[in-house]
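Please construct the entire structure, taking both the sequences and the accompanying hints into account.
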Amino acid sequence: DGGITQSPKYLFRKEGQNVTLSCEQNLNHDAMYWYRQDPGQGLRLIYYSQIVNDFQKGDIAEGYSVSREKKESFPLTVTSAQKNPTAFYLCASSNLAQPQHFGDGTRLSIL
Amino acid sequence: KQEVTQIPAALSVPEGENLVLNCSFTDSAIYNLQWFRQDPGKGLTSLLLIQSSQREQTSGRLNASLDKSSGRSTLYIAASQPGDSATYLCAVIPVDSSYKLIFGSGTRLLVRP
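First to last, the sequence lines map onto chains P and V.
Quick note on my numbering: the first sequence kicks off at 107 and runs consecutively.
Quick note on my numbering: the second sequence kicks off at 173 and runs consecutively.
The set of hints was computed from the structure by calculation and includes no laboratory data.
Treat each hint with caution, since some may be false.
Said to hold, decoys possible - Here are the computed lysine to aspartate or glutamate pairs in the DMTMM-like style, where the Cα-Cα straight-line distance is at most 25 Å:
{"no.": "1", "chain 1": "P", "residue 1": "LYS115", "chain 2": "P", "residue 2": "ASP144"}
{"no.": "2", "chain 1": "P", "residue 1": "LYS176", "chain 2": "P", "residue 2": "ASP210"}
{"no.": "3", "chain 1": "V", "residue 1": "LYS272", "chain 2": "P", "residue 2": "GLU130"}
{"no.": "4", "chain 1": "P", "residue 1": "LYS115", "chain 2": "P", "residue 2": "GLU130"}
{"no.": "5", "chain 1": "P", "residue 1": "LYS115", "chain 2": "P", "residue 2": "GLU168"}
{"no.": "6", "chain 1": "V", "residue 1": "LYS240", "chain 2": "V", "residue 2": "ASP268"}
{"no.": "7", "chain 1": "V", "residue 1": "LYS214", "chain 2": "P", "residue 2": "ASP136"}
{"no.": "8", "chain 1": "V", "residue 1": "LYS214", "chain 2": "P", "residue 2": "GLU130"}
{"no.": "9", "chain 1": "P", "residue 1": "LYS189", "chain 2": "P", "residue 2": "GLU168"}
{"no.": "10", "chain 1": "V", "residue 1": "LYS214", "chain 2": "P", "residue 2": "ASP210"}
{"no.": "11", "chain 1": "V", "residue 1": "LYS272", "chain 2": "P", "residue 2": "GLU168"}
{"no.": "12", "chain 1": "V", "residue 1": "LYS173", "chain 2": "P", "residue 2": "GLU168"}
{"no.": "13", "chain 1": "P", "residue 1": "LYS163", "chain 2": "V", "residue 2": "ASP199"}
{"no.": "14", "chain 1": "P", "residue 1": "LYS115", "chain 2": "P", "residue 2": "GLU178"}
{"no.": "15", "chain 1": "V", "residue 1": "LYS240", "chain 2": "V", "residue 2": "GLU175"}
{"no.": "16", "chain 1": "V", "residue 1": "LYS272", "chain 2": "P", "residue 2": "GLU175"}
{"no.": "17", "chain 1": "P", "residue 1": "LYS177", "chain 2": "V", "residue 2": "ASP268"}
Unchecked claim - Covered by chain P, according to a simulated footprint, are these stretches of chain V (three or more residues, beta-carbon under 8 Å):
{"no.": "18", "region": "194-207"}
{"no.": "19", "region": "212-219"}
{"no.": "20", "region": "261-270"}
Claimed, not checked - Simulated DEER-style distance windows between Cβ atoms:
{"no.": "21", "chain 1": "V", "residue 1": "ASP199", "chain 2": "P", "residue 2": "GLN162", "range": "14 to 24 Å"}
{"no.": "22", "chain 1": "V", "residue 1": "ARG284", "chain 2": "P", "residue 2": "LYS163", "range": "41 to 51 Å"}
{"no.": "23", "chain 1": "V", "residue 1": "ASN235", "chain 2": "P", "residue 2": "ASP136", "range": "27 to 37 Å"}
{"no.": "24", "chain 1": "P", "residue 1": "ASN201", "chain 2": "V", "residue 2": "ARG284", "range": "35 to 45 Å"}
{"no.": "25", "chain 1": "V", "residue 1": "ASP211", "chain 2": "P", "residue 2": "SER215", "range": "17 to 27 Å"}
{"no.": "26", "chain 1": "P", "residue 1": "ASN124", "chain 2": "V", "residue 2": "GLU189", "range": "46 to 56 Å"}
{"no.": "27", "chain 1": "V", "residue 1": "ARG233", "chain 2": "P", "residue 2": "GLY169", "range": "19 to 29 Å"}
{"no.": "28", "chain 1": "P", "residue 1": "LYS176", "chain 2": "V", "residue 2": "SER269", "range": "22 to 32 Å"}
{"no.": "29", "chain 1": "P", "residue 1": "GLN162", "chain 2": "V", "residue 2": "ARG284", "range": "17 to 27 Å"}
{"no.": "30", "chain 1": "P", "residue 1": "LYS120", "chain 2": "V", "residue 2": "ASN235", "range": "45 to 55 Å"}
{"no.": "31", "chain 1": "V", "residue 1": "ASP239", "chain 2": "P", "residue 2": "LEU202", "range": "18 to 28 Å"}
Don't be surprised by glycine CBs; every beta carbon is placed ideally from N, CA and C.
Structure below.
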């Protein structure tokens with residue numbers, strides 16, 4: 107089945123540690139997105155990529171990094187510079203201006 | 173800067189009631205508006221997408237309207253069911269935003285049996 111797979115479902119980060127969240131899509135979409143969702147709030151854009159080997163900062167990119175080496179994959183690294191990483195992270199993909207398809211999310215917590 | 177607001181933040185209704193969720197946006201220059209459903213701990217499911225040239229879209233018991241000039245959209249749910257309980261989010265793609273979605277904070281709906 108076509109879709110977006112995020113892993114892991116739950117992730118714990120120790121202080122000073124970088125962690126990487128995986129996002130893979132088999133929908134042949136050009137664009138991929140990473141969002142952060144805090145309790146009771148909407149989604150805020152972290153990074154997005156419209157084509158392979160290119161990506162742009164969203165509204166809250168500080169403390170995060172991404173890569174887009176393959177069309178299917180858009181991993182997000184939460185670095186130690188992100189002081190408040192506890193949140194629900196959602197990955198999405200689309201072709202431009204078409205509905206975005208979302209994964210089931212990764213919940214990141216601090217140990 | 174585009175801002176999206178959803179009112180109310182939470183809503184509790186008895187089963188069978190027709191209900192309306194509201195979404196407003198500050199800049200009418202948009203490509204489209206989408207309504208999403210989010211179940212607890214899950215990702216988002218796209219419900220309806222309304223292009224800027226359209227006035228409404230329907231899918232089953234759901235009807236979404238768009239009044240771009242006034243910056244408003246409504247999601248109408250007919251004959252609500254307990255399975256409709258979820259958070260509903262609206263989002264717009266502003267023109268010249270590189271097709272980025274701007275989300276409201278959502279309406280949390282509870283349909284009581």
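Is LYS115/P close enough to ASP144/P, meaning Cα to Cα at most 25 Å?
-> holds, 16 Å
Given the proposed pairing of LYS240/V with GLU175/V, does the C-alpha separation stay at or below 25 Å?
-> Holds, because 14 Å separates the two Cα atoms, which is no more than 25 Å.
Is the straight-line distance between the alpha-carbon of LYS240/V and that of ASP268/V 25 Å or less?
-> holds, 16 Å
Using the Cβ atoms, figure out if ASP211/V sits within 17 to 27 Å of SER215/P.
-> Once the Cβ atoms are compared, 20 Å apart, the range 17 to 27 Å for SER215/P and ASP211/V holds.
Return holds or violated for the Cβ distance of ASP239/V and LEU202/P against the range 18 to 28 Å.
-> holds, 25 Å
Are 3 or more residues of the region 212-219 of chain V near chain P, judged by a Cβ distance of less than 8 Å?
-> Coverage by chain P holds for the region 212-219 of chain V (6 residues, Cβ < 8 Å).
CB of LYS120/P to CB of ASN235/V, is that within 45 to 55 Å?
-> holds, 49 Å
Is it true that the C-beta distance of ASN201/P to ARG284/V lies inside 35 to 45 Å, as the hint says?
-> Given about 39 Å between the Cβ atoms, the range holds.
So the hint says 46 to 56 Å: do the beta-carbon atoms of ASN124/P and GLU189/V match that?
-> holds, 49 Å
Given the hint that LYS214/V pairs with ASP210/P, does the C-alpha gap stay at or below 25 Å?
-> Measuring from Cα to Cα gives roughly 5 Å; hence the hint holds.
That 17 to 27 Å hint for GLN162/P and ARG284/V (C-beta), does it hold up?
-> violated, 44 Å
LYS173/V and GLU168/P: Cα distance at most 25 Å?
-> holds, 20 Å
Hint compliance for this structure: hints 27, 29 are broken, all remaining hints hold.
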